[in-house]
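Undergrad: This is what each chain is made of:
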Amino acid sequence: MTQAVIIGAGMIPMGKHRASSYPGLAVPAVLRALSSAGLAPADIGSVTCGHAFGGMLTGQRIVKDLGIGGVPVVNVDNACSGGATALHLAARDIEEGRTDAALVIGVDKLTQFGGGTLPLVEEDPEVQRGMVMPALYAMRARRYLHERGETPDILAQVSVKARRHGVANPFAQFRKPVSAEEVLASRPIAEPLTLLQCCPTGDGAAAVVLVSEARRRRMGVAGARVAASVLHSGKATTGFRHMLRPEITVHGAKDAYEAAGFGPESLDMVELHDAFTIAELVYYEALGLCPEGESAALLRDGATTYGGKVVVNPSGGLLAKGHPVGASGVAQAVEAFWHLTGQAGARQIDSARTALTHVTGGGISGMDHGACTIHLLEAVA
Amino acid sequence: MNDISAIPAGEAADATILPFPDLEEDGAQIEVRDGIVRLVGARSQSSGVAAFPARPVCPETGARDMAPEHFGPDATLYSFSTIHVSATREVPYSLGYIDFPEGLRVLAVVRGESLACDMPVTLRADGDDWWAEARA
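Quick mapping for you: the protein sequence lines, in order, are chains C and H.
Take any residue in the first sequence, count from 1 to its spot, add 13: that is its number in my numbering.
Take any residue in the second sequence, count from 1 to its spot, add 9: that is its number in my numbering.
Don't take each hint at face value.
Covered stretches of chain C, as calculated for chain H (at least 3 residues, CB under 8 angstroms) [said to hold, decoys possible]:
(1) 17-30
(2) 33-39
(3) 46-59
(4) 73-87
Some residues of chain H that are not near chain C, with every Cβ distance over 10 angstroms (derived) [stated by the list, open to error]:
(5) Gly-57
(6) Thr-85
(7) Glu-99
(8) Val-100
(9) Pro-101
(10) Gly-112
(11) Arg-114
(12) Val-115
(13) Asp-138
Just so you know, the hints here were simulated from the structure itself, not pulled from any lab data.
Note that the structure is a prediction, hence the values are computed from the model and not measured.
Glycine included, every Cβ here is placed at the ideal spot set by N, Cα and C.
All chains should be built: construct the whole structure from the sequences, respecting the hints.
TA: Shown next as C-alpha cells:
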C-alpha cells in the first residue's frame, strides 16, 4: 500500500486573535506548510479542513484566498478531534491513491464566544441539565483522587509540566511557568479543577502537507511517515462507565500500535489531549505509557518530561499551547513533524524518531467521548 | 523578507506566520478626490490579479505581494436584482455585480431607474456609504 508522509507544516502562534477571520487565521499557516513542503498551491490535489465552529465551507473560504480550487475540499467536524480527523482522511486519500499531495487544515476561533466554557449541543439532555466540559473532567478527577488515594497536587503537577514545556514554544498561548501552589490557588472552575488546570479559550490554525512516500523520495526531502491513523467513535452506554478507563482511547491506541508495528515502549514523544489536567494522567494509562494505576508515579518520576522515558506534550499541550478545538489535532501533527525532522529549536527532543498524537472529541451524553483520533508518526529521510 | 531557513521552523514565530487582522476596520473602502469615487483595492505585483477589498495575499498564487490600487469610477453592470426579502438589511434594495475594466468584479448596491444588463454605471458616495449609479 502507498504510504502517506507529512513533508510540510505550519501553524500560527495560538492566542486571542479577535481581529482575524477564519481565513485570516489559517492562510498564514497554509502558506507556511506549502513553502516548507516546497510545493505551490497548484500542486495540491485535495484539501481536508477540520473545525467545529467555522460555519459553512470553512476550508473553501481559506484555500480560495491563495489559489487552491477545482479539487475536492472536505470540511469535517468531529469536535476537538476535527483537525485530526481531517488528517486521517487525507492520509487515506494518499494511501488509497486518490491524490498524491493533500493539504490538511485545522482551525477554530473560540474568542467569537466571548469566553467561558465551550458551547455544547443544546439538544443533548445532559447539556440541558448543566453539563459543561470541565464538569465531566472534574468528575473524572474526583474519581481518580478517590480511587488512587491522591491529592489535588498530582493534578497541579500536570499543569506545572505543561507550562514549563510551553516556555520554550513560541507558538504557545501561555509561555510563563507556574508553581503547583499557583495552580491550586487559582479560581475554581469545576471542583476539584481550578482555572490553571483548564485549557484556555483561544484562536489558532495549523496546516500540514502530505504526499505519497514515492513522491517524497523523488523530492528528496525529510518527513514524518504516517505509520498509523486510527479514528474511533465512542460507544454509548446507559449504565456504569469506568471514568478512568476511557475505552475509546484504549481501543484506538491498541489498533494504532498494531497497524504501526511498534508500541508505546518505542515512542520518543506524545502529544495527547490534556484539555484538563486529569486527562493527561488518565491517558498515560489508556495509551499504555504505564500500567493501570501507575500514572501518578510516572508523572512524579519525571518519566514524561525531557530526560525521561517519553516526552509528553513537548509543545506545552492543550493546557499551555492552547486548544482552539478543530485546530488541535493538526497542531499536534505540526509539533511532531518539527521534532521528527529536527526543527523544534530549543525544545527539540534529542534524536526523536517516533511520535504519537491523540485527540478526543466529547460533549455528548452516554459516551466517554464521541470521537478519538490517534496517529503514529515515524521520521523518514 | 526573513530567511526562514536560517532558524528552525519550530523556533521561529516570525512576522510571516502571524494571523492577518483582516476583521479590523483599518481605513476606508473608498477614496474620494475631486468628487470622483474610487474603490481601494489591491493588485498582485507578480500575477497582476486584482482584488477588492484589499488583501495581503494573491488569491491566485498565494504570493504576498499585493500593492494598493484604486478602481473606478466607471464600471459596467453585469447583472442585478431588487431584493424584497432579506436577512441582512432593510428592504427593498438593489444589488448588482459591476465589472471594472481593470479586471475586477465587485458586488455593489445599485441605484437608478431602468437598470439593465451591460449598462454603464459610476461609483457615487455619501460619507463612507458608496454605491454604483446608472450613468446618465
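Undergrad: How does the coverage statement for the region 46-59 of chain C fare against chain H, requiring three or more residues with Cβ below 8 angstroms from a Cβ of that chain?
TA: Since three or more residues must qualify, the claim that chain H covers the region 46-59 of chain C holds, with 5 doing so at under 8 angstroms.
Undergrad: Verify that the Cβ of Pro-101 (chain H) lies farther than 10 angstroms from every Cβ atom of chain C, and report whether the claim holds or is violated.
TA: Answer for Pro-101 (chain H): holds, closest chain C Cβ roughly 26 angstroms.
Undergrad: Decide, holds or violated, for the assertion that all CB atoms of chain C are farther than 10 angstroms from the CB of Gly-112 (chain H).
TA: holds (16 angstroms)
Undergrad: Grab the minimum beta-carbon distance between Asp-138 (chain H) and chain C and tell me whether it stays above 10 angstroms.
TA: Its Cβ never comes within 10 angstroms of chain C, the nearest being 23 angstroms, so this holds.
Undergrad: Far enough from chain C: is every CB of that chain over 10 angstroms from the CB of Val-115 (chain H)?
TA: With a cut-off of 10 angstroms, Val-115 (chain H) remains clear of chain C, as the shortest Cβ separation is near 16 angstroms.
Undergrad: Cut-off 8 angstroms, C-beta pairs, minimum 3 residues; does the coverage of the region 17-30 of chain C by chain H stand?
TA: It holds: at least three residues are needed, and the region 17-30 of chain C offers 6 whose Cβ sits within less than 8 angstroms of chain H.
Undergrad: Given as covered by chain H, does the region 73-87 of chain C meet the bar of three residues or more with CB within less than 8 angstroms?
TA: Satisfied; 4 residues make the cut.
Undergrad: If I take the minimum Cβ distance from Glu-99 (chain H) to any residue of chain C, is it greater than 10 angstroms?
TA: holds (24 angstroms)
Undergrad: Can we trust that Thr-85 (chain H) is non-interface, i.e. its beta-carbon lies farther than 10 angstroms from all of chain C?
TA: holds (24 angstroms)
Undergrad: Is it the case that Gly-57 (chain H) keeps its Cβ farther than 10 angstroms from each residue Cβ in chain C?
TA: holds (13 angstroms)
Undergrad: Minimum Cβ separation between Val-100 (chain H) and chain C greater than 10 angstroms?
TA: The claim stands: Val-100 (chain H) keeps its Cβ more than 10 angstroms from every Cβ of chain C (closest is about 23 angstroms).
Undergrad: Beyond 10 angstroms from every chain C Cβ: check whether that's true for Arg-114 (chain H).
TA: holds (14 angstroms)
Checked against the numbered hints above, the structure breaks none of them.
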